[in-house]
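Peer 1: Generate coordinates for the entire structure from the input sequences, incorporating the hints supplied.
Chain order of the listed sequences is A and B. First residue of the first sequence? That's 40 in the working numbering, and the numbers climb one at a time after it. First residue of the second sequence? That's 129 in the working numbering, and the numbers climb one at a time after it.
These aren't lab readings, by the way, just hints derived from the structure by calculation. The model shown is predicted, which means the values in this text are computed figures rather than measured ones. There could be a bad hint or two in this list.
[Unchecked claim] Covered stretches of chain B, as calculated for chain A (at least 3 residues, CB under 8 angstroms): (1) 140-147; (2) 168-179; (3) 197-210; (4) 408-414.
[Stated by the list, open to error] Cross-link-like lysine to aspartate or glutamate pairs, in silico, EDC-like; alpha carbons within 16 angstroms at most: (5) Lys214/A / Glu477/B; (6) Lys485/B / Glu433/B; (7) Lys386/A / Glu164/B; (8) Lys493/A / Asp165/B; (9) Lys412/B / Asp452/B; (10) Lys499/B / Glu433/B; (11) Lys216/A / Glu477/B; (12) Lys386/A / Asp166/B.
[What the hints assert, rightly or not] If you want the ones that stay clear, here's a sample from chain A, every Cβ over 12 angstroms from chain B, calculated: (13) Tyr87; (14) His121; (15) Thr372; (16) Trp487.
Quick reminder that beta carbons are idealized off the backbone N, C-alpha and C, glycines included.
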Amino acid sequence: MVSADFDAMMEDDSWLQDSPTRLSEPVSKHLKKRSKACNIDELLKDHYKDKNRSLDREAKRFKTFVSDSEDSEDEEVQQKTHKEVQFEKLVETCEKQVHAGGATLEVPRWGERLFSGQMCKESPMPLKVDNPVVQALVTSKRQCSYESTEPEKEEQFAESLVEELLATGWFLSFKVKLDNDMLSWMFHRMVFTNDNTLEKAACDFLCHTLEIDFLNCSWIPSYKTISGIFEAYGYARPQTLDYHTSEGSLNSQERPPHNLGSLLRLLMTSMKQRHLHKFHTREDVEDIAVLIASLSLDRSLLCFGVLIKESLEIILNSLTQDEWHISCERIATCMAMVDRHVVNCLKLTRALHSREDRMKRLQSVLALHFFAKIPGEKEVSGVWEMLSVFRKTDVKRTVVDFGNLYYQMCMADIWLWSNTVLALDKGALEAWLHFLKSCSFQISSTDWRPYATKVRNQASYLLQVYQCHYPGDDYEET
Amino acid sequence: MSVLVVEDQPDIGQVLEDNVLALLDTVGVKNAEDIEDDKMSFIEAVYALCIAGSQPKAPTRNVHEAVFHLLEGNHSSVLNMASYSLLIDIAEDFVSLLNDLQEAFGQKPWAQSTEMGSIEMEKCLSHKVTGLILKFQYLFKIVEHDFQCWFQAYKVIKKDEIMSDCYLLRLFQGSNAKPLLESVFNLIALLSTLWKGEDKSLSFQELSLSLQALVEMRLLYDLESKQLVHASPRKTRVDPSRSLNFMELFTIAFQFNKELLKTLLQVMEDSECKLKIIFANFLKDIPKPLAAERISDPNNMTTQELLDCLKDVNSARIVHRVSDCDVLQVFLASAFKADLRHTKSHHMEQATIELCKALKTAFQNLQSISKEFNDLHPAARQALVTAETMLALAT
Numbered sequence: 040m041v042s043a044d045f046d047a048m049m050e051d052d053s054w055l056q057d058s059p060t061r062l063s064e065p066v067s068k069h070l071k072k073r074s075k076a077c078n079i080d081e082l083l084k085d086h087y088k089d090k091n092r093s094l095d096r097e098a099k100r101f102k103t104f105v106s107d108s109e110d111s112e113d114e115e116v117q118q119k120t121h122k123e124v125q126f127e128k129l130v131e132t133c134e135k136q137v138h139a140g141g142a143t144l145e146v147p148r149w150g151e152r153l154f155s156g157q158m159c160k161e162s163p164m165p166l167k168v169d170n171p172v173v174q175a176l177v178t179s180k181r182q183c184s185y186e187s188t189e190p191e192k193e194e195q196f197a198e199s200l201v202e203e204l205l206a207t208g209w210f211l212s213f214k215v216k217l218d219n220d221m222l223s224w225m226f227h228r229m230v231f232t233n234d235n236t237l238e239k240a241a242c243d244f245l246c247h248t249l250e251i252d253f254l255n256c257s258w259i260p261s262y263k264t265i266s267g268i269f270e271a272y273g274y275a276r277p278q279t280l281d282y283h284t285s286e287g288s289l290n291s292q293e294r295p296p297h298n299l300g301s302l303l304r305l306l307m308t309s310m311k312q313r314h315l316h317k318f319h320t321r322e323d324v325e326d327i328a329v330l331i332a333s334l335s336l337d338r339s340l341l342c343f344g345v346l347i348k349e350s351l352e353i354i355l356n357s358l359t360q361d362e363w364h365i366s367c368e369r370i371a372t373c374m375a376m377v378d379r380h381v382v383n384c385l386k387l388t389r390a391l392h393s394r395e396d397r398m399k400r401l402q403s404v405l406a407l408h409f410f411a412k413i414p415g416e417k418e419v420s421g422v423w424e425m426l427s428v429f430r431k432t433d434v435k436r437t438v439v440d441f442g443n444l445y446y447q448m449c450m451a452d453i454w455l456w457s458n459t460v461l462a463l464d465k466g467a468l469e470a471w472l473h474f475l476k477s478c479s480f481q482i483s484s485t486d487w488r489p490y491a492t493k494v495r496n497q498a499s500y501l502l503q504v505y506q507c508h509y510p511g512d513d514y515e516e517t
Numbered sequence: 129m130s131v132l133v134v135e136d137q138p139d140i141g142q143v144l145e146d147n148v149l150a151l152l153d154t155v156g157v158k159n160a161e162d163i164e165d166d167k168m169s170f171i172e173a174v175y176a177l178c179i180a181g182s183q184p185k186a187p188t189r190n191v192h193e194a195v196f197h198l199l200e201g202n203h204s205s206v207l208n209m210a211s212y213s214l215l216i217d218i219a220e221d222f223v224s225l226l227n228d229l230q231e232a233f234g235q236k237p238w239a240q241s242t243e244m245g246s247i248e249m250e251k252c253l254s255h256k257v258t259g260l261i262l263k264f265q266y267l268f269k270i271v272e273h274d275f276q277c278w279f280q281a282y283k284v285i286k287k288d289e290i291m292s293d294c295y296l297l298r299l300f301q302g303s304n305a306k307p308l309l310e311s312v313f314n315l316i317a318l319l320s321t322l323w324k325g326e327d328k329s330l331s332f333q334e335l336s337l338s339l340q341a342l343v344e345m346r347l348l349y350d351l352e353s354k355q356l357v358h359a360s361p362r363k364t365r366v367d368p369s370r371s372l373n374f375m376e377l378f379t380i381a382f383q384f385n386k387e388l389l390k391t392l393l394q395v396m397e398d399s400e401c402k403l404k405i406i407f408a409n410f411l412k413d414i415p416k417p418l419a420a421e422r423i424s425d426p427n428n429m430t431t432q433e434l435l436d437c438l439k440d441v442n443s444a445r446i447v448h449r450v451s452d453c454d455v456l457q458v459f460l461a462s463a464f465k466a467d468l469r470h471t472k473s474h475h476m477e478q479a480t481i482e483l484c485k486a487l488k489t490a491f492q493n494l495q496s497i498s499k500e501f502n503d504l505h506p507a508a509r510q511a512l513v514t515a516e517t518m519l520a521l522a523t
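Peer 2: Dropping the structure here:
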């Protein structure tokens, strides 16, 4: 039907002729409509005028809350200032709260400046020229260089000759035994010279000497000598300095000299041989260990990081088994005694991460010491005492020191992780997981209190770790 | 210290991997310090899981790679140091990333480092340089570790096949061995000059030493396997990996670059390796009849024999004619130094005295035939002073 109509329409071509008239009609209609539309525009204008008036009214009402009104009207000024004052007060108190939170939220960066940058002038140590080896060297040198040497001072001539041969490594090939005076002089040069090559070569030679001739040990640096050298480098007791040291602010003047690396290397070699030469007493080794461990907190010594850790491992391993039983606790106590910011305590404990058993043990003991030291706690010695500290904490209360809680949690983690105590005591494990869960679930992720989210995140991470490590029981019931 | 047993180490597992890697997630964190803190917590967490504790477990491959990327990313010196130290600990306890890196890098670390000229290095920020150095140091360390493990096994089992998986041997084989070796030598020389020039916390020197150690290890294998071949004459098949003798490579590398050779001889540490290089190059230079007369076995030459080639004026003249004045002096001095260093005895023996005398005679002969030798090279002068002193103290 439709197609038939359509065909009929196509056959009837009258519409072709009609089209001009048909077109003219709508145009006139359209023009009429336009004149009408003009009227509607006017109407609309009127309508919007009314509406704008009401909008203005609303805007004015709104502007009383917002201070930046441009066209203020006299009668509203009084009301506005009153409300403004109220609002400003509110903003002020909020700001105060936010800043109070923000100040403690800013986690201090770890680091202690151990070296003040004031190098003491080294005490001069002359080479003894009446030494037969030195005499022979000087004579040979005069023979070999055919040009007549100017009558310079014998001492200077000898010193520069020995330095030259030392720096180029000839003493390693020298089949003549050197006496203690000469070795002490070389050690002194190694520690105080500015010349990299000489320092490194002297270190190589002295280490080599220590390895082959450990009985002749009176030149080996004692703890007293080492701490003397540290003082000469500008070492200062950490508690007298401020905690906040930024990496960028350190210039080369404030760094200890690079000779420290050689000193550590030599110390390592001497400690490896300790069972043979027995030069350092147990107390000496303890003091050295405490001193070396503290170096890992100085950001300017980062380049020595691996070396510091390695030497600490060797120092601890140089103690005999009997000595170690006493020393481990003493070293940890000494390290914990120094007054440090808690962020540095954590860093120091973590710096003891190692594959060596003794370092692991020391780290564990130190973590326990620091756990107890964090304000408000008495001595803590066992897992239940530790857990009872956490049990007292209710994270929902408004007055909770989340900062302390965070560091306590980290220290507890280090201690528990290095122990088998949780594997042996299921109850303790459940209590620990319960605590972690309460931190993880009861603190909201938008909690504005300082350190709260840090505690929450750490707790939920630890929860996963401990649940994976001690699989088995359904912990959901706890 | 064995790489052969690490395959079965249990790793930390999927759940912990996800949790640990989540620490690196930087979505929503804008503060650069916070991002660094997060990366640090990641490293601490991996330390706690894989190194610390009573039962450390191996990191999964993803975690391991993430740690390496932190070192590679070269963000700050704190992170560089921490990630480097962690990677070394992981490599010691578990397995290194060597096999993964090998595919990714090929020869890139070597080529990359030579491309980086000294000027460019100077321009870099200090922590950027330290980061690069640590990265290469790590690569060298794991290559060294890998070699040591295979080599220990090889010494026990005494079968060449076991060394075919060793990265170092695979690196120095085939047609690329020669250019590679040359670039390594250039790098050693560059590093040692950099180290001497500037106070750059010793790292350049350490790097140069590690690189030397690698070359020396490769040589060690050659020496060891040569002994084995001598011990078992049945073996006739030539291993393709060793068709090019490493010592031959040395001589080819130095034939036209005596300056580099001079520098290297003065910075190289290992005396055995040094002696081998000197002997090979010396033999190549001097006329065959003289060598046949003074040297009994070219494969087992001694320093005494080297000095004997100059023990009279005539032979000294022949040697002088074919060799460069400075290079000859450095050869003699370095051989003397290395030989004394190499002998285990710590006292003066008759052989030492003979050696000192031979060195003295050699230089006297050289000085008598040419005025070039009146102003001695510093190394030669030091050698003479040492020899004179030892002779004076011996009598």
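Peer 1: Return the numbers of the hints above that this structure violates; sort them in rising order.
Peer 2: 4 and 10
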